[in-house]
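Chemist: Protein sequence lines, in the order shown, are assigned to chains A and B.
Using this note's numbering, count along the first sequence one by one with no gaps and you end on 452.
Using this note's numbering, count along the second sequence one by one with no gaps and you end on 452.
Treat the hints with care, as some may be off.
[To be verified] Below, a list of computed lysine-lysine pairs in the DSSO-like style, where the Cα atoms sit at most 30 Å apart:
1. A/K170 - B/K264
2. A/K303 - B/K264
3. B/K373 - B/K184
4. A/K180 - B/K264
5. A/K204 - A/K303
6. B/K282 - A/K170
7. A/K170 - B/K180
8. A/K183 - B/K183
9. B/K288 - A/K281
10. B/K282 - A/K281
11. B/K184 - A/K184
12. B/K282 - A/K282
13. A/K183 - B/K264
14. B/K180 - A/K264
15. B/K303 - A/K264
16. B/K170 - A/K282
17. A/K204 - B/K184
18. B/K180 - A/K183
19. A/K286 - B/K281
20. A/K282 - A/K313
21. A/K360 - A/K373
22. A/K204 - B/K183
23. A/K264 - B/K170
24. B/K184 - A/K180
25. A/K183 - B/K184
26. A/K339 - A/K303
27. A/K184 - B/K180
28. A/K264 - B/K204
29. B/K184 - A/K170
30. B/K204 - A/K183
31. A/K281 - B/K204
32. A/K282 - B/K281
If you are wondering where the hints come from, they were derived from the structure by calculation, not from laboratory data.
None of the values given here were measured: they were computed from a predicted structure.
Number of protein chains: 2
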Amino acid sequence: MTKRDYIIRQIAKTNKKNYENYVVTRIYHLLNRTDIKFITQQYVNRPEGHALTDMYLPQIQLHIEIDEPFHKKQIESDIDRETDIIQATEHHISRIKITEDLDSINNQIADLVKKIRTKIKSLEKSGQWESWNLDKEFNPNHYREKGYLDVQENPAFRKIVDACNCLGQNYKAVQQAWFKSKIYPNHNLWFPKFYENEDWDNRISKDGTVITEKCKNPEKYDAWFKGVTSNLVKRITFPRSVDNLGFRLYRFAGIFETDLELSSIENGVIHRLKETRIEIKKDDR
Amino acid sequence: MTKRDYIIRQIAKTNKKNYENYVVTRIYHLLNRTDIKFITQQYVNRPEGHALTDMYLPQIQLHIEIDEPFHKKQIESDIDRETDIIQATEHHISRIKITEDLDSINNQIADLVKKIRTKIKSLEKSGQWESWNLDKEFNPNHYREKGYLDVQENPAFRKIVDACNCLGQNYKAVQQAWFKSKIYPNHNLWFPKFYENEDWDNRISKDGTVITEKCKNPEKYDAWFKGVTSNLVKRITFPRSVDNLGFRLYRFAGIFETDLELSSIENGVIHRLKETRIEIKKDDR
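With the rest of the complex left out, here is chain A (with noise of 0.2 Å):
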């Protein structure tokens, strides 16, 4: 997909939807940079539960929430099994309010223009601008360059190949969804569906950090419980998902540790959210 493809789409995400098509355009040609990417009708977690934001910048994590007047959003209705939904806790929201004037609309937007301007200069001099790259966002060899993996990042890739080759397991392909770490001792890589499946039904919180794993098949359930009661590692985990476009996307959502407290046959296996962050192993490849 070239750049052109992908803004050209994110922009039809807003078909029909003729305020959010007017102020998300007015903002990305106002800006006037292909540097920046911008992701419409993204689902995150809040606190309060899920909640769509209508134009997402990831390089600023900032979200913009246009008001309708008496246009209520439908949310959870919407949210499909493998719908992408990330965290934010630190993400800002800049709010558009539709008002009756355009002139009041166009002040709001140029104001939050010249803020988004501001911030981008900030990170430039700083030396955190990170330009826009297709090639390189889902590029296991761009994370390796940078040395680590850091869920405020919202970091994903496209398959499950290239999030283990990024972590040094160096495959040509793989088949399943469960791999022992061949550099990190006692970890184990996860890519599991957080929806009820043939096999499993495994769910996580919606603040991201509680995962309740259960096998499904009765006769198999009391030795895989015993298992990996019995015999913890650490899971580095890439949950399933699909992105705002219809592509497959595994992002990384952190190191989990089983909590054998909590953990039981009724209620399943627990895994708690240890780290947010994971240092790559560069020369270990």
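Got chain A sorted already, so can you dock chain B onto it with the hints?
Modeler: Frame of chain A; chain B shown alone:
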């Protein structure tokens, strides 16, 4: 309708046409002036037939066409019998070519925006720039102050009564489409439908210069033909149409005179465009 609603609706016409939406919003937002009017998907008459322009800036008589590879426009089949089709003989056309490279598209738009700004500045300098004003554009008094109607400027009214009063008829309400002028000797005001309807089958040529008028009632035909061709009047003509947002429009098409040589019982009555401009007599009201 407010400017906000107007702009939003014009942009909404590009829904599902993703490149059009990108280009139209980018031009509009980068121009960044609420005194510029634009129309998306305006039909125009060209010597070779009807054409559809993607964005039309009436104040500077500029049409923008967005050339998409592999995308052939449907024209004739989309034209409704009431579609507003304007004359664009001396209008300019700019093209934006959709290329693979986003920067190339953006550069073309930047050049075009610069060109538009220069044009507006030169009109402002010479006192010919007319700010877009929703209260004025279909207002009879606005044209009375201006002092003329000129086909070149595509003036139009929302109601027959407005066009009548602009030309000094001084009506409260009207229920017909054919009026003897109180001001212009031997002139009538005419608001024809240029498509076949219950009573009439009237047509106008694509270049807007020749009208064919035919009564559809066989019993009245001969009397009508004799009346029209013996009692010659000049016709100040405002064809009835519907604009791209679905609103009724009576657009000034000029003053027509009957061509007795070409008229015949078989062909109907032929009227020819004689004047593209009418001076508004102000003091006669």
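Chemist: Look at each hint and say if it fits the structure.
Modeler: Against the structure, the hints come out as follows:
no.: 1; hint: A/K170 - B/K264; in the structure: holds, 17 Å
no.: 2; hint: A/K303 - B/K264; in the structure: holds, 28 Å
no.: 3; hint: B/K373 - B/K184; in the structure: holds, 27 Å
no.: 4; hint: A/K180 - B/K264; in the structure: holds, 23 Å
no.: 5; hint: A/K204 - A/K303; in the structure: holds, 12 Å
no.: 6; hint: B/K282 - A/K170; in the structure: holds, 26 Å
no.: 7; hint: A/K170 - B/K180; in the structure: holds, 24 Å
no.: 8; hint: A/K183 - B/K183; in the structure: holds, 8 Å
no.: 9; hint: B/K288 - A/K281; in the structure: holds, 26 Å
no.: 10; hint: B/K282 - A/K281; in the structure: holds, 25 Å
no.: 11; hint: B/K184 - A/K184; in the structure: holds, 14 Å
no.: 12; hint: B/K282 - A/K282; in the structure: holds, 29 Å
no.: 13; hint: A/K183 - B/K264; in the structure: holds, 25 Å
no.: 14; hint: B/K180 - A/K264; in the structure: holds, 23 Å
no.: 15; hint: B/K303 - A/K264; in the structure: holds, 28 Å
no.: 16; hint: B/K170 - A/K282; in the structure: holds, 26 Å
no.: 17; hint: A/K204 - B/K184; in the structure: holds, 22 Å
no.: 18; hint: B/K180 - A/K183; in the structure: holds, 10 Å
no.: 19; hint: A/K286 - B/K281; in the structure: holds, 28 Å
no.: 20; hint: A/K282 - A/K313; in the structure: holds, 27 Å
no.: 21; hint: A/K360 - A/K373; in the structure: holds, 15 Å
no.: 22; hint: A/K204 - B/K183; in the structure: holds, 22 Å
no.: 23; hint: A/K264 - B/K170; in the structure: holds, 16 Å
no.: 24; hint: B/K184 - A/K180; in the structure: holds, 12 Å
no.: 25; hint: A/K183 - B/K184; in the structure: holds, 11 Å
no.: 26; hint: A/K339 - A/K303; in the structure: holds, 19 Å
no.: 27; hint: A/K184 - B/K180; in the structure: holds, 12 Å
no.: 28; hint: A/K264 - B/K204; in the structure: holds, 23 Å
no.: 29; hint: B/K184 - A/K170; in the structure: holds, 18 Å
no.: 30; hint: B/K204 - A/K183; in the structure: holds, 22 Å
no.: 31; hint: A/K281 - B/K204; in the structure: holds, 26 Å
no.: 32; hint: A/K282 - B/K281; in the structure: holds, 25 Å
When held up to the earlier numbered hints, the structure conflicts with none and fits them all.
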